[in-house]
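Residue numbers (the UniProt record's numbering), protein chains in the order written: chain A, 1 to 293; chain B, 1 to 249; chain C, 1 to 547.
Simulated from the structure, these hints should not be mistaken for laboratory data. Computed from a predicted model, the values in this text were never measured in an experiment. Among these hints, one or two may not hold up.
Stated by the list, open to error - Okay, derived cross-link-like pairs now, DSSO-like style, lysine-lysine, Cα gap no bigger than 27 Å in a straight line: (1) B:Lys150 to B:Lys195; (2) C:Lys215 to C:Lys77; (3) C:Lys435 to C:Lys77; (4) C:Lys215 to A:Lys23; (5) C:Lys215 to C:Lys435; (6) C:Lys65 to C:Lys215; (7) A:Lys23 to B:Lys195; (8) A:Lys23 to C:Lys65; (9) C:Lys65 to C:Lys77; (10) C:Lys435 to C:Lys65; (11) C:Lys65 to B:Lys8.
Said to hold, decoys possible - Between beta-carbon pairs, the in silico distance windows are: (12) A:Leu56 to B:Asp47: 26 to 32 Å; (13) C:Glu105 to A:Asp242: 41 to 47 Å; (14) A:Val38 to C:Val201: 23 to 29 Å; (15) A:Arg6 to C:Phe461: 42 to 48 Å; (16) C:Val201 to A:Gly21: 51 to 57 Å; (17) B:Pro46 to A:Gln252: 49 to 55 Å; (18) C:Glu105 to A:Gln252: 55 to 61 Å; (19) C:Ala26 to A:Gly21: 37 to 43 Å; (20) C:Ala26 to A:Gln252: 52 to 58 Å; (21) B:Ile29 to C:Gln110: 43 to 49 Å; (22) A:Arg6 to C:Arg209: 32 to 38 Å; (23) B:Asp232 to C:Gln110: 38 to 44 Å.
Don't be surprised by glycine CBs; every beta carbon is placed ideally from N, CA and C.
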Amino acid sequence: MEVEERDPVSGHRTTGHEWNGIKELDTPVPRGVLIFLVITHVFAVTWWFLMPTWPLGTTYTKGLLDVDQRAIVEQQLVDAAAERAPWIDRIERASFEEILPNEMLMSIVQSSGHQLFGDNCAACHGVDGRGSANYPDLTDDDWLWGGDVETVAETMRVGVNTEHPESRVAQMPSFGRDGLLNREQVNSVAAYVYSLSNPDYSTSENIDEIEAGREVFLTSCAACHGANARGNQDVGAPNLTDAYWIYGGDLQTIVTTVHGGRHGHMPTWDERLTNAEIKILALYVHSLRVEKP
Amino acid sequence: MPELFHRKLERSAIGFVLAIIAVASVGGIVEIAPLFTIDETVEEAPDMRVYTPLELAGRNIYIREGCYACHSQMVRTLRDEVERYGPYSLAVESKYDHPMLWGSKRTGPDLARVGGKYSDFGMSRILSPREVVPESNMPAYRWLARNSLKIEDLPLHLEAQRAIGVPYSEEMIENATRDAYGQASPGSDSASNVKERYGAETQVRAFDGVATNVTEMDALVAYLQVLGRLTDAAFEDTAAPEEPPEPIE
Amino acid sequence: MVSTLTTNERLFALIISALVSICGLALAAVGRQDLLAAQGFIIMVFGLACVFAVAQGFYEPEPSKERLSSYYDDPIKVGIALAMAWAVFAMFIGVWIATLLAYPELTFDQGWASFGRLRPVHTTGVIFGFGGNALIATSFHVVQRTSRARMPDQLSPWFVLAGYNLFCLLAITGYLMGITQSKEYAEAEWYADIWLVIVWVTYFILYIRTIARRKEPHIYVANWYFMAFILVVAILHIVNNLAIPVSLGHAKSYTVWSGVQDAMVQWWYGHNAVAFFLTAGFLGMLYYYLPVRAQRPIFSYRLSILSFWGITFFYMWAGSHHLHYTALPQWVQTLGMTFSVMLLVPSWASAGNALLTLNGAWHRVRDDATLRFIMVAVVFYGLTTFEGSFLAIRPVNSLSHYTDWTVGHVHAGALGWVALIIFGSFYTLVPSLWKREHMYSALLVEVHFWLALVGTLVYVFAMWNSGIVQGLMWRTYTEEGTLAYSFVDSLVAMYPYYIARAFGGLLFLLGAIVGSYNIWMTIRATPLTSRREIDVPQSGAVVVPGE
Ligand code: HEM
Ligand code: HEM
Ligand SMILES: [Ca+2]
Ligand SMILES: [Ca+2]
Ligand SMILES: [Cu+2]
């Protein structure tokens, strides 16, 4: 029916059709393609026999190997736990005093702690633990609740102001908003607190205000922050005489703090992290501080 | 000869069209239909609850802002994922998710288990991320705390959800607006009803830190806080290191 | 444009445009409490603009009967212009979001400018705006030429083109405002989805009617692919987008599918959007412009049959490779993986068929940047499909999934295959459509080629690296069996690659701008060809289909 036509380059016949100048050769499917086709199909069919594959109404073929992705990962987790058991056990059982000088355990603390801190704590305390406005720096010497490793671990376990039954409770009252102090008093006590860490602030002009602030401080604040304003770790009240601030040490922020109060919230890690992980993190936090010049 | 047959086929436009439809339909039918008939596809979880109106509104904000473009909500059955994020996700956990938000890209971490990980305030701070984590490339979502949440039409939303199979009761639908307000306003009259209707574990808080208004931030944080916590099923028989979260409050 | 419509068609056009603007007005009214109002307003303005355009030309003289002895090319010309405009816009957004990942503060505290909202603007803009307009334009061209028949009427091509671009416009303005269904590549909301169904059905009918007028009894391969593209996209679109709107006055809707079933439907759609939008349609393009430009017959008709039906059948099973190790039952994952592997055969068969077609024309590939665009596109097509089948293997996917490796794969396909084949086809098509001797500047085609190639390579290599680094960092364990890196560590490692990617994308974008300029100047400033090619439909009796 069609006129036979050959392509001069390849020598193959055309199909005899033509679409606006386009022609096709009738070249047979190259052998390689067929081989390739067979190989991939053999692979696929083999796989279907080995693995769960074909749906059958209300069930499916389970495959000769009877594998299940969930069973596999659960086994892997069990194996992983067994692999870690030797040192996990030691960390769990040993006291912090025993772990600290142990180089092997401390190197694990370093590597594992880095990841745990990055994935759990960095969102608030920063990747390097230095905190930011509203979140305390964990690398300095100023601690709300205490910086020894046990206390840090305990802080992590119960959290601050959480729903954990043993939660630490930190409540900086809102003196201004709740009318405990009037505006003038708030300003003066703030000026006083500010002057504690900025001695140059006190001049002959504002000395009266600062003195008045000191009075207010002794009556309203000393109960928590101590008469010397050096804080009290039993109630999580920070030291107000040093250069470390959670919310900020400029006068304006101090006024805001005294006016509105503060109610920091540190989550509890009791349920999310294992005991060993909490210990590792406490040691890791400890090491962050040690490293600081 | 198949080839001759094909020469015939390619002379009939209608035949060709029908052939394409037939050949292209098989795969989808075989893969999709059995997902409705094989029971074990979606696990049993009697404790599974529906989203509260506030959480649903938060979910819609999550969708609106395109969080799914960077965050998956699917812990795969791989050791490193379970160890990093928590128990692998079960199908039942997204049973009421229209649509699902499993995601396809992790520019940020998986969020399937983020519920309860941080305090509310921590969560809302994450939404202006570089103040805390300077390394982050997540956009800052400051406007969420400024915008007040639209809650009047939540009954319609719940009704639409019920029409496609989410078991919202008549009472839930009627009170959707009030419940949304109540969940973000602890101490208000509407607050206690929320727990009554959605279970004692439902969190009632000022999610954005301000109790006097219901903002989009309230809704979004309420949603994030319930991620992975609609049911404890995933914590039950998995070898995950964690224990099921205790009821909060 | 209007002058080429018959009076009847003008009347219809007026009625349709008026109906569209009334629908827009109605949506704006019922949705006045909602963002829907803004969308209704856009529809109304669009409809009014069409009313105005038609009305202006309404009393122009009827087109002469002679028109019937030529092809109807006006909509193709407009389609090409739209495709290039979308390309520049959407790739600019691509460069922007690439930059956002490295410099996240570029959002100006504005919702619309944040990454999550701009990303779908980019994907929709490139795939549907750029890719879709290019497909519509070239399919109109190919179907007329290979059928040697004019399209059956003058109005429906315009309806398809304008309606389709209205859909794109609604989708993209919607995402910026925060209207989205969150289903990847199907984010547009219910009213836009419904509108697309109407447009698409018209497109299908138009296509089939043109084919029915063909003068060559056999349907050419390019049309097989275009038909598969139109049909299957319709099926996918309808099933995946089934949703219930909150009310007729809300832009928001809830997908009827939920959880694991929704995941499967979504990726059955998502993967086959790749298969039938980004692959089948463009193979149709390839099957026309490659032999035309290379002036060679297709290497093997029989191989074409094998690849066409292989692609149509196997692709539809492969969607579950987007859900490996998830809560989707494992049996579906096995199917997805094995079919993806088998899929490589027809994919490479198409690529091989195209490359072997170039035998006898390699000297042209060397000298002609346009043909080189097409050739390199085919190479990237082969590369991407190989990579795709590889990524679909479960253990490989456990590493690559969720990482930039997927993004690298996407853009190897999207830039290397989709965009290059479009540019190659346009450079072939533009001079012939506008009856010019050649493109305005061969040098600029060459410049565009190298910008595109280098841009693609920089992009893809950056993402391969970052994806693999990311995947490895997530699963690296210390000797003691604890995870070595936190998530943020992996994020920090990404920054150099994100910057490199933005740079590669910028090169690619510059190429597209150069290309647009060249096309513009070809139309404006290049002399008409003196050659008299016979580019008209075949007259005579219409062959009855099936005969
Ligand atoms: C100027 C060139 C381009 C640049 C700079 C660019 C950049 C980007 C970026 C930054 C993303 C987001 C990736 C992420 O979430 O990490 C993306 C996603 C995407 N782009 Fe592009 N793009 C370009 C061109 C194109 C073209 C031409 C196409 C298609 C024809 C395309 C299709 C896509 C698709 C489908 C995605 C989604 C990928 C996924 O979900 O995995 N892009 N692009
Ligand atoms: C044999 C052919 C192909 C196979 C088997 C294949 C397979 C895959 C696989 C396994 C993924 C990753 C899924 C994941 O881990 O999330 C993927 C993603 C993707 N591929 Fe391909 N691919 C093929 C060809 C192509 C081509 C030619 C393109 C053209 C542009 C393309 C575009 C995409 C896109 C856009 C995605 C991203 C989907 C998303 O997550 O948003 N693929 N493909
Ligand atoms: Ca994606
Ligand atoms: Ca849609
Ligand atoms: Cu795919």
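| field | A:Gln252 and C:Glu105 - C-beta distance against the hinted 55 to 61 Å | value | Given about 25 Å between the Cβ atoms, the range is violated.
- Message: Range first: 42 to 48 Å. Now tell me if the beta carbons of A:Arg6 and C:Phe461 are that far apart.
- Response: Roughly 44 Å apart at Cβ, these two residues keep to the hinted range, so it holds.
**Message:** Does A:Lys23 sit within 27 Å of C:Lys215, going by the straight-line distance between their CA atoms?
**Reply:** holds (15 Å)
Review point. Should the hint that B:Pro46 and A:Gln252 are 49 to 55 Å apart at their CB atoms be regarded as holding?
Key: holds (54 Å)
| field | Cβ distance range 37 to 43 Å for C:Ala26 and A:Gly21, holds or violated | value | violated (50 Å)
_What's the verdict on C:Lys435 and C:Lys65, does the C-alpha distance respect the 27 Å limit or exceed it?_
Cα-Cα ~21 Å, so holds.
**Item:** Agreement of C:Lys435 and C:Lys77 with the hint, judged by alpha carbon distance not exceeding 27 Å
**Value:** holds (12 Å)
Return holds or violated for the Cβ distance of C:Glu105 and A:Asp242 against the range 41 to 47 Å.
violated (33 Å)
For A:Leu56 and B:Asp47, compare the CB-CB distance with the range 26 to 32 Å and indicate the outcome. Holds: the Cβ-Cβ distance is about 31 Å, inside 26 to 32 Å.
A:Lys23 and B:Lys195 were given as a pair; does the straight-line alpha-carbon distance stay at or below 27 Å?
violated (73 Å)
Evaluate the given range 43 to 49 Å for the C-beta pair formed by B:Ile29 and C:Gln110.
-> holds (45 Å)
Run the distance test for C:Lys65 versus C:Lys77: straight-line Cα separation, threshold 27 Å. holds (21 Å)
In this structure, the hints that do not hold are numbers 7, 8, 11, 13, 14, 16, 18, 19, in rising order.
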